[in-house]
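*Asks:* Sequences and hints are given; from them, build the entire structure.
Chains as they are written, first to last, in my numbering: chain A, 1 to 334; chain B, 1001 to 1417; chain C, 2001 to 2196; chain D, 3001 to 3548.
Keep in mind that a hint or two might mislead.
Said to hold, decoys possible - List of simulated lysine to aspartate or glutamate pairs, DMTMM-like, C-alpha gap at most 20 Å:
(1) B:K1357 x C:E2062
(2) B:K1357 x C:D2054
(3) A:K116 x B:D1201
(4) A:K116 x B:D1198
(5) B:K1357 x C:D2085
(6) D:K3059 x A:D22
(7) D:K3512 x A:D24
(8) A:K116 x B:D1185
(9) D:K3512 x A:D22
(10) B:K1274 x C:E2062
(11) B:K1274 x C:D2054
(12) D:K3118 x D:E3066
(13) D:K3512 x A:D31
(14) D:K3333 x D:D3352
(15) B:K1274 x C:D2055
(16) D:K3280 x D:D3354
(17) B:K1357 x C:D2068
(18) B:K1224 x B:E1192
(19) D:K3118 x D:D3185
(20) A:K116 x B:D1200
Simulated from the structure, these hints should not be mistaken for laboratory data.
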Amino acid sequence: MPQQQIRFYQTGSFVVGNRLLDPDQRTVQADMRRTNSLNSGHRACQGCGEALGARSALDAVMRATGNQMVAVNATGCLEVFSTPYPETSWQIPWLHSLFGNAPAVATGVAAALKVKGRTDVRVVGQGGDGGTVDIGLACLSGMFERNDDVLFICYDNGGYMNTGVQRSGATPPAAATTTTPAVGPEPGNTFGQGKSLPLIAMAHRIPYVATATVADLRDLEYKARRAMEFHGARYLHVLVPCPLGWRTPSSDTIRIARLATETGVFPVFEAEDGEVTAVSRIRHRRPVADYLRPQGRYAHLFGETPGEDVVARIQAEADRNVRTFGLVDTEVVR
Amino acid sequence: MLRQIEGSRGVAEGVARCRPEVICAYPISPQTHIVEALSTLVRSGALARCEFVNVESEFAAMSVAIGASAAGARAYTATASQGLLYMVEALYNASGLGLPIVMTVANRAIGAPINIWNDHSDAMSQRDSGWIQLYAETNQEALDLHIQGFRIAEELSLPLMVCMDGFVLTHAVEPVDVPDVEQVDAFLPPYEPRQVLDPDDPVSIGAMVGPEAFTEVRYLAHDKQMQALELIPAVAAEFAAAFGRDSGGLVRSYRTDDAETIVVALGSVLGTIKDTVDELRDEGVRIGVLGVTSFRPFPLDAVRETLAGAQRVVVLERALAVGVGGIVSANVRMALSGVSLHGYTVVAGLGGRPITKASLHALFTEAIADRLEPLTFLDLNRELVERELRRTRQTRRSGPAAENLLRDLGAAASRIG
Amino acid sequence: MFQVRIHGRGGQGVVTTAELLSVAAFIEGRHAQAFPSFGSERTGAPVVAFCRIDDRPIRVREPVARPDAVIIQDATLLHQVDVFDGLGPDGYLLVNTSRSLADLGLDAFVQRFRRDRVIPVAATDLAMTHLGRPLPGAVLLGGFAAITGQVLLSSVVSAIQDRFSGRLAAGNVSAAREAFDVVLAEIGEPARAQAD
Amino acid sequence: MSKATKQGTLPFAITLDVGSSLANKTGSWRTERPVYVDRLPPCNNACPAGENIQQWLYKAEEGGYERAWRQIMEDNPFPAVMGRVCYRPCETACNRAILDEAVGINSVERFVGDEAIKRCWTVSVDAAPSGKRVLVVGAGPSGLSAAYHLTRLGHQVTVRDSASEPGGMMRYGIPSYRLPRDVVDAEIQRIVDMGVQLELGTVVTDISGAMTDEGYDAVFLAVGAHIGRRADIPAADSARILDAVSLLAGMENGEAPLLGRRVAVYGGGNTAMDVARTAKRLGATDAVVVYRRTRDRMPAHDIEVREAVEEGVRLRWLSTIAYADAGHITIEKMRLDETGFPQPTGEFEDLDADSVVLALGQLADLALVQGLAGVEVADDVVQVGSDLMTGHPGVFAGGDMVPSERTATVAIGHGKRAARNIDAWLRGTRYQRPERHELATYERLNTWYYSDAPATVRPRLETARRISTFDEVTGGLDESTALFEARRCLSCGNCFDCDNCFGVCPDNAVIKLGADNRYEIDLDYCKGCGLCAAECPSGAIEMRAERT
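*Replies:* This is the structure in structure tokens:
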């Protein structure tokens, strides 16, 4: 009989730890003295996944580095809601330069710290999917290719939400944005081949690449901490639902992220030197419709003229993920 | 030590003596020799404690410099032409954040048509980017301006670009006095950032500023450049005292005291102009030249002071504000508001066209006789453009102008220039 | 002011030749300025470089249009580019060739110049002998020193040693020396009093 | 605001001093606020003994078995007994059953109860002596439970019982292979040690006398139901017919009844199963339970039936015994009418049986209330109010002798209820049942956070050894399995300090108070997104609209 170490929680997937764990096993977010890298008073929407993801990731990095860290932020929601003059919500040394250059700016900071012998201070670059997979991609790829000592974190909410929900390279197929009506099967986004930045990052053979979601903050923390055990370029891709852009209730942010993983739409895994080393198995596999239906951006797939064919294509994508990453032991959809 | 070396090499040696801690390199002619030379200096250890980062674009180059500077490192990069334009967004950001980055701009034309040769279109396009712009007349001055540049930039927390004519200077081998490390160390203290990313004293740099404070922020940026009007000559004087050379400053005049005609120009062409001025002086013409070293901030008072006494001003520009004409001229006119004299704008040396003494001699003679058009294109091949204009008037689809012109020029295109 | 124009092809070290010449002059405490015909010429394409030598600081930046001397590193250019353009009747002309001017069919062209100032030098051959590589530039400067007297052979030699090292330096030096002797022999006596 | 830091004056507006957004009270965005609530867990709700199951599991899962045991003892003095014989209504109600399998509450209770016996934990009486004396008639689960609680409430209690040993049905009704006697003895002894007066072999007949002459201030009647219900089956004189209750009681007194090799048991209750299984253990080769309805209508609990069948007991549905003779009985087949009532079919069949044991239910011996003023008897049981008081002031009754389900657990519950009401009555007040929370339903849970953890199966004695001995059939859990089982509890409807709300708030608007003091919402910053409520595993947070 395996000893159930953690009460209530799926081993390894519980949210933030609890009284039954040894203090050193508890998550940073469970710590009354956690650093709150992003403190209260920020102007993020109610139920913002990005605010939650950013605080959790950076708190973990702070814990891992003994607060010896610097963050560089791309332009975007996170930057705008966290630092409108005269107030900032950050508790860390933080620099915002431009939309498309955060990885390069982070490289610059890392270079400066290196030349000053402050290699104990670690650098984190962060941005939304626009600043990462679109306008920031060239700088990011350069940072990867040079293997600069930077952890870059992408908070992926699948669109340009800061400017009012426009399509980005990370907007999933069939999702509706304010600019997709022109391109996709109205009003949803087109089906492309997709743009998996984690895979692109892996193609650079950088030491560490991982994906995570706000549905599993413990896993997110673990990966942020793990990333700090490496030197060189590291990439963490975090799925952060956006109640505004996804048109979901603010209280559903985590539930939706969970569904993204349980349906296979968003594979959660780790890779080292370009090879997948671990995947988070799907616990109770669900059909993609369970993930799509609650989201307003997919409402057109479930209206008077339901888009079964579209849903089927998305299901096929999820199935591919499940196969590619081996997300479930047995191929049964519950 | 006085050495006979290529301008790019001279600049690299000068920059190295400023001990930059982070150098971002991306190739583009005619700047490339500078970062190549710096790379070897880092390799050889002549430039120690320096991170040399090979970036993937000029945009990245400036971005890396921004990060490095914000983290308290002395940052340097070099670029030209399209490269400068490619980093424009970051240029404004660097000045907005008040990061004292120093950058060499090996001035080069901007396409299309693509053209690798020298003019000032690139740097001129960034005159409002908030960067200080200093133009070098010789390779010696180019080197010296970098040493002064770091002083000025870091004292004001403003980025500064040293503009030197591409090829004309960067590729020219001439005597350059390369100062000793000790000399430079004594003149240029280590970088003390005004703000820095420090885990032990964290701050948020780069906040979003709304209407309630944006005007003030911009005003303060302008005020810094006004302070530079004081600082630049002060630093130049200190430099002269320490190195025994006149370099930099706001403006430099040559034989202007009794001049009726004063030519205003920037950069390496000043040398050729001075020779021409001497020739004309020998003919008894009262002519002089005013070299503008600091184009940003623009020294309105100094320019006015020199020009106020003259009867005519010929502003010779290596750039063209398409649709209006002169860029430097506009600034000179501002300096002369209220003063009535003949003003001529001459656009010369675009895309590497040589500015010869002969042409200048003729030009000035015309000017002195006040037979000059208010806007003149030096050595413009009238026949050629007329033909093209005729062509375009005749047929709607007359093909690309540049190629037509080349066709008309024929073999001449492959000629030296 | 003494102005030199050097013709050659990309990859033949034309720019280096101009630079070496300027350095030689610099070594003698004179003012010199060397620069290429700014362009993006690739290997094999016709290229030009310039050098000015003067006793006063050189301010002018225009290309050399009226050279006092023209050095042709590659004789095959003779019929492709107007290499004599701007060269005055008293101008010097140094051609890298193992053949005679007649063989090159240049007689007609060089009529207007002083015979003793138009010298063919088998620079490439010399380079191959001493260097094992077809780099005629430095070699021609030996000839240039002899024919123009603008710079001393010793200065050319130190410029070469300053720029190159080891075999390359040694080879170039000995080749330059031989070129100097060859040209001297050709023109009988040094153009300039050897007192200094 | 750009203020002087170690770095000197920061550049105006562009650079800001950290953490300054605390000045921006985002609580003003809120239209709903999260509120922490406590709900009634279904297990607690279902427990006839009124145990706070969730609470003692919470303590047990930390390994705090003594604290868990003391929590049980607040309501029930028989954890070790209950951990064996309770029919587990709590597990039937358990929300976890919907997720995977119900939490093995009963098994943990037994583990904790046995721990208490092993470690000799005792309960102290802290209440000041009230000077009141209470007579309890009947030393069964109900009576002893009442005695236990009354003692803890400061009253002096005497328990009288006609039997020679205390425990009532726990001893005389339940076979020892289900409930070893040493366990019963231990838990009763603990009660006696608290100062309860035990007078055995004493038949009480005169209640009012006891109150007036002996000066008892109140009486609690809990005599149980020990008389086997007879059914007049046509039978030959030579037919051997016994009744279940006396048979089982006889076992306890060491008299092995002569049943023969083939035994027919008549009835469908738990007692029928007990008898059939006992018969097996006494060497019967064939034990048949004859019942007139179908299995699903059997009053016997499922486990009982299952274990009986495992041990080789045969069941005959839809049958009544029409005639009993020596060595065989005649059975008439029945069929259920539309109302589910069995109707004779006229088909008969013979069945070999050396003896017939009647297990058709029990009756209470109500002689002692005859003539007791005000006490009303109907349907063979004493009528009581919700406070369990009979029509006779100061005389209360509970257990099998009052209208209710007849299980030990219910009896123990009565004991507690009676004690509280008696205590109130003695103090001249009325016992007020505390307000009950809203039920914690499965829908309110966020079960994602709970482990996939199937229930621990208790070790069971292999059949061969079972039917040959009276050894205890079902074993207990060891410490690790008990811990595991305890930790399967979902804590339905009540905060368990999981830190979820603290962690998932995007605005850091949940304040962790620490040291099991739970949390509090920081209304200065809470934007009312509702994530904490949605992600609370146990459904202990509720969103309430802000007053407009």
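*Asks:* Tell me the numbers of any earlier hints that the structure contravenes, in ascending order.
*Replies:* Violated: none.
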